[in-house]
Amino acid sequence: MNGDLETAKDATKLRRIAIEPVTRVEGHGKVTILLDDQHRVHQVRLHIVEFRGFERFIQGRPYWEVPVMVQRLCGICPVSHHLAASKALDKVVGVQQVPRTAELVRRLMHYGQILQSHALHFYHLSSPDLLFGFGSDPGPRNVVGVLAAYPDIAKQGVLLRKFGQEVIRITAGKRVHGTGSIPGGVNKSVSPEDREELLRPLPEILEWAQAGVRLVAALHQQHQDLYDHFGTVPSSLLSLVAKDGSLDLYDGVLRAKDHQGAIIFDQVEPQDYLTRLQEEVRSWSYMKFPFIESLGPSEGWYKVGPLARVQNCDRIGTPLAEAARQELLAAAPGHLVHAPLAYHWARMIELLHSAEVIQELLAEPELGGSELVGKGPRGGGGVGIIEAPRGTLIHHYQVDDQDLVTLCNLIVSTTHNNQAMNEAIRQVARQYLDGHEPTEGLLNHIEVAIRAFDPCLSCATHALGQMPLVVELQDPSGQVVARLSRGVEPIG
Amino acid sequence: MSGKKLRVATTSLAGCFGCHMSLLDIDERLIDLLELVEFDASPLTDKKHPGPCDLALIEGGLCNAENVHVLRELRKQCKILVAVGACAITGGLPAQRNNLDVRDCLRSVYLSGPGLAGGGLIPNDPELPLPLAQVHPLHDVVKVDYFLPGCPPSADAIWQFLTDLLAGRTPALGHGLIHYD
Ligand code: SF4
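Heads up: the protein sequence lines correspond to chains W and U, in order. What the first sequence shows, in this note's numbering, is residues 17 to 508, in sequence order. What the second sequence shows, in this note's numbering, is residues 2 to 182, in sequence order.
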């Protein structure tokens, strides 16, 4: 743990270095480091510097606008927000289980999203560090440089991403900010022609996805010490798993393990998330710090995302990805992998899994069905949780009888990883910066640790919970005796 | 274009990165594009501050003091500045907060709510740029040379725009390329 590096004891005589903006991540963040005359590190912080308050202005909007509005939280994983909101609002239109066709179309959209986002992150954003070296010349240290030096790898990345984006276009209507999912179901199914179009490139996609896994596994084996220890700090893990314990990125129940792999909780239904998770605010970031309530704020932080998911689940239901998962687990027999760089490995395993799932889904006859939307008794709100590319994504809404949203609470994936990223960069600062004149190459090491988590600072910027509204105190007969409103008070 | 590549900076201000994604959605054409342009400062490269460049593609409006600073810096460095997407052109969805008081927003987000340990506090560190009272479009602050509409503009629209510019034509979006969603 690196809690001593969160706040310097006396900041007055220290030199401030800022990495601003953090590049090759999505969204806006900066890192500040405070050093003394001997270059000893005293403080390291990842700040999220924007405030937009999405949840606040979603209040008062009609609920059916929400799945389309919330996509504008993030252009990289719009589908995740689109679907998490839809799943929460299914409950408002009274649908506990959407029709099978709708479920298949949504799943297809979601796995297309995971595939394109993972490809983008690995090939376009992170591979330059891994292929050229963390301290290499910053000039070509980007996707253009990869295209020049490793044209096949870069091109496969571009085409993998394209495939995922095409899955999204076909299911959602548009590559970025589509409209395919609606509360209660979807607005179209997949035609035979579209199915054909997606099936055609699949053999190559599967092949390239496997090549991606092999590439990352080889990097780990070649530089084992580096990959095992770079920024590594053990923590708990959180993710959804299917009820039977297998990996499911679209739906399931919450499971958390401690840093040694013992279950902290399991089979927690999405609507009960608030009984397990709490958040803390710190003065120096607009991103909150969530933690597992039973462990408290200092011990209860956790990791989400690919590395958490492949170790939290009992198995992956597709053969190629499960074999690849076994290889990752075998690299650290008997204990969990906490190394941030192993996120890349897990991410490529999930990319492969997504390609396999897409293939399975395209074989489902009901993908082209005509029952698109369910019906049921009107509800007052709901919670939708999905595993977005970067981790667990929670959307929670309440809707009044005028159909207007009265509460919107979002905990986005990157927010869950807030403490984990801060711990990782403090660890890297200790390992590489402490006592050395900070050069561009050394500072890039800090960014390499942040990138491993694939943070979407764009999402995190917006996802600032706005909470309720009214607490009513009823007497035993059901009469309201007191009403306490914690909403927005006018500032005088 | 005789040998010399067009230097292009890109940035995201108060946007969602969707416009950048749409730029990448030109797919394999990216490889052709890189024959003709080179990137200056951009979220895709590790150049943190722009140098002199020909073109700046800017996504997102202005929601804090930092956004304004970055925009002015880019305007100084570039010859042609393009407002890409709804947020840059009108403020977009983030401008929905313009009919709320930003102080109320901050209070409601950080001081109230279930799951908030210790009662909360409003982040106030000097490292955090001050939010603007209202979200503004780019042209409120600097001269904008082109507006590329859409949320995001489609990859084909971006491609058409760039190839027109590279060929020395006045960019014109043909049938089907102008849309606002
Ligand atoms: S215009 Fe749309 S796609 Fe572009 S940044 Fe704004 S919300 Fe995102």
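Treat the hints with care, as some may be off.
Said to hold, decoys possible - Computed cross-link-like contacts, DSBU-like style, restricted to lysine-lysine with a CA-CA straight-line distance of at most 35 Å: (1) W:204 to U:6; (2) U:144 to W:29; (3) W:171 to W:190; (4) U:6 to U:144; (5) U:80 to U:48; (6) U:48 to W:46; (7) U:48 to W:25; (8) W:25 to U:5; (9) W:391 to U:80.
In short, the hints are calculated from the structure, not lab data. These numbers were taken from a predicted model, which means no experiment stands behind them.
Status of the hints after comparison with the structure:
no., hint, in the structure
1, W:204 to U:6, "violated (44 Å)"
2, U:144 to W:29, "violated (42 Å)"
3, W:171 to W:190, "holds (23 Å)"
4, U:6 to U:144, "holds (24 Å)"
5, U:80 to U:48, "holds (19 Å)"
6, U:48 to W:46, "holds (14 Å)"
7, U:48 to W:25, "holds (33 Å)"
8, W:25 to U:5, "violated (52 Å)"
9, W:391 to U:80, "violated (56 Å)"
Hints 1, 2, 8, 9 from the list above are not met by this structure, while the remaining hints are.
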